[in-house]
Amino acid sequence: MSSPVVPRGGTRVGLTINAWLVYIFFYAPILLLVVFSFSNDTNIGRWGGFTLDWYRAFGENENIQGALGVSVRVALVSTLVSVVLGTLAALSLERFRFKGRQIFDALLYLPIIIPDVTMAVMMLLFFTQMFNALDAWFGLNLSKGFGSIVLSHIAFSISFVSIVVRARLSGMDETLEEASLDLYATRWKSFRYVTFPLIFPGIAGGALLALTLSLDDVVITQFVSGPGSTTLPVFVFSLIRKGVTPLINAVSVVMLAASITLVALSLLAERSKKPPSTAAPGE
Amino acid sequence: MTASVDSPVDITPGIAEATPEFERANAKVQSRRGFLMALPAYAYLVLFFALPFVIVIVYSFATRTSSGGTDLSGWNFDAYRKLGEPIVRDILARSLILAVITTAICLAFAYPFAYFIATRTAAVRNIMLVFVMIPFWSNFLVRNYAWRVLLGNDGPVSRLTESVGLGETRILFTQVAVVIGLVYGFLPFMILPLYAAIERIDLRLVEASRDLYGSGWQSFRQVLLPLSMPGVVAGSILVFVPSLGAYVTPQILGGAKTPLLGSYIVIQFLTARNWPVGASLSFVLMTIMLGATLVYFRKGGQTL
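Line by line, the protein sequences are chains U and F. All the letters of the first sequence, read from the start, carry residue numbers 1 to 283 under our numbering. All the letters of the second sequence, read from the start, carry residue numbers 1 to 304 under our numbering.
I should point out that these hints are in silico values taken from the structure, not numbers from a laboratory. None of these values were measured; they are calculated from a predicted model. Quick reminder that beta carbons are idealized off the backbone N, C-alpha and C, glycines included. Hints may contain errors.
From chain F, some residues computed to sit far from chain U (all C-beta separations above 12 Å) [to be verified]:
no., residue
1, Pro20
2, Ala25
3, Ala246
To give an idea of the chain U side of the interface with chain F (calculated C-beta under 8 Å), a few residues [said to hold, decoys possible]:
no., residue
4, Val13
5, Ala19
6, Ile30
7, Leu32
8, Phe36
9, Phe38
10, Ser39
11, Asn40
12, Leu76
13, Val77
14, Leu80
15, Leu88
16, Lys99
17, Arg192
18, Val194
19, Leu256
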């Protein structure tokens, strides 16, 4: 393996050092945050002996628990809806040709590349306008809260789900579907027993991605949340701006642990082997 | 990636010869079916994405009333005219510079890193990638907060520099801290597309250039770099665009006296209550984003 592609001498040493530096840069701050979350000192960055007080405070703080509850509910509902819509969109774009397909394709990409702040502004103005209109036309008195947060999260999650599912679909052998149809399977049966099991890892990956994005979002949620309904990241963000306390260290570590669990699950979903396609369904 | 147009899944199996009329009818049925499947997501995005997009544009031409409300009746360019004022111009310039610096730093570290991963054996490569994926998907707010802990008053970084005789570090709430936070947040966005691009290259081409007496630098400059350009462009856009609109990072790590574009937009909506100016700035940001994306697709990139 001593090809010129793998550089020798100084370049090689430089590349290796750079790789280590990048990993240290990635992980040192996270690890230190975890360490300080157990520190018995009111300064967020000083070690003052081991304590679990901050985690206890996290468990007892009703505001934080309330925000956590909102976060989880928002994430579950928005993920469920965006997985259904995103998967349908992926199937349609990957398997069919229809008028307006390219416009749809472009529209589906936009929520991914648009900056957070811009999307937040869009949603704020939209809900303000909508609520005014609904009030004027039907006398409905709505305000920002759980509903507007969920609707906004779905708006950006659909795109991510459909990209992940599409990647899976495009790597799938289309002749398997054709074969099942040749064998007199109905369209639904062909989807249920052939396509769905094959793209399931993609759907699971998309769902985990949607969950992660929903649980992480700060900016968009901050613009569309109302009094009494904030998610955990928005609440933590407001705490940080008011003044940092070691309690935030503990909450941060919990949030970090949740994201890392979701990453691990999605990596597993991505890796899961294709199901044995020869096994007859329902046997 | 694209299924060929003339082979939609056959809806009537068993028919050996398809007449042109049948083919056309079949295509029509397929077209309708595809459209109906896309319809829910399509409708959702039109209502909850395209319409809000249009509303922002409308607001950017509106007038701020003296009470902080927005008058949508008479359209004008006042908000855009305000973008030429020195305060806003400074903020735009500062944000652009910080975004360029962030992108350059990310590129400088990510390129050799991506090349390093791409030249490992498959097993090592997978492990290395997993450890890039973890920060990639970890909570952005928390990762920025970690730097607040590190850089804080009497924090670990300050104590480290003090103990080696450099004195206290006071970079929290400066633009240096913002750049650190942005690089930390977006470096994986640079690494992954670069890795994808370099991994796709037939590295024997680099080998060939070396065999033909090209120096290491020449091989890089004339073979590797041009071939990996789609990754460079994709990574740069993925870092530059969110850096330009960053809001969380400057709020946590930056100073209050030097606002950036993202935080300035938020101020217009949440405190200053000048929605037309906020909307026009958002529109400028969207335009930059769309321009960058077009550049990317022109350069031959296919997926983000």
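Each hint tested on the structure:
no.: 1; hint: Pro20; in the structure: 17 Å, holds
no.: 2; hint: Ala25; in the structure: 15 Å, holds
no.: 3; hint: Ala246; in the structure: 8 Å, violated
no.: 4; hint: Val13; in the structure: 11 Å, violated
no.: 5; hint: Ala19; in the structure: 5 Å, holds
no.: 6; hint: Ile30; in the structure: 6 Å, holds
no.: 7; hint: Leu32; in the structure: 6 Å, holds
no.: 8; hint: Phe36; in the structure: 6 Å, holds
no.: 9; hint: Phe38; in the structure: 13 Å, violated
no.: 10; hint: Ser39; in the structure: 10 Å, violated
no.: 11; hint: Asn40; in the structure: 15 Å, violated
no.: 12; hint: Leu76; in the structure: 18 Å, violated
no.: 13; hint: Val77; in the structure: 14 Å, violated
no.: 14; hint: Leu80; in the structure: 13 Å, violated
no.: 15; hint: Leu88; in the structure: 5 Å, holds
no.: 16; hint: Lys99; in the structure: 7 Å, holds
no.: 17; hint: Arg192; in the structure: 15 Å, violated
no.: 18; hint: Val194; in the structure: 11 Å, violated
no.: 19; hint: Leu256; in the structure: 5 Å, holds
In summary, the numbered hints that this structure violates are 3, 4, 9, 10, 11, 12, 13, 14, 17, 18.
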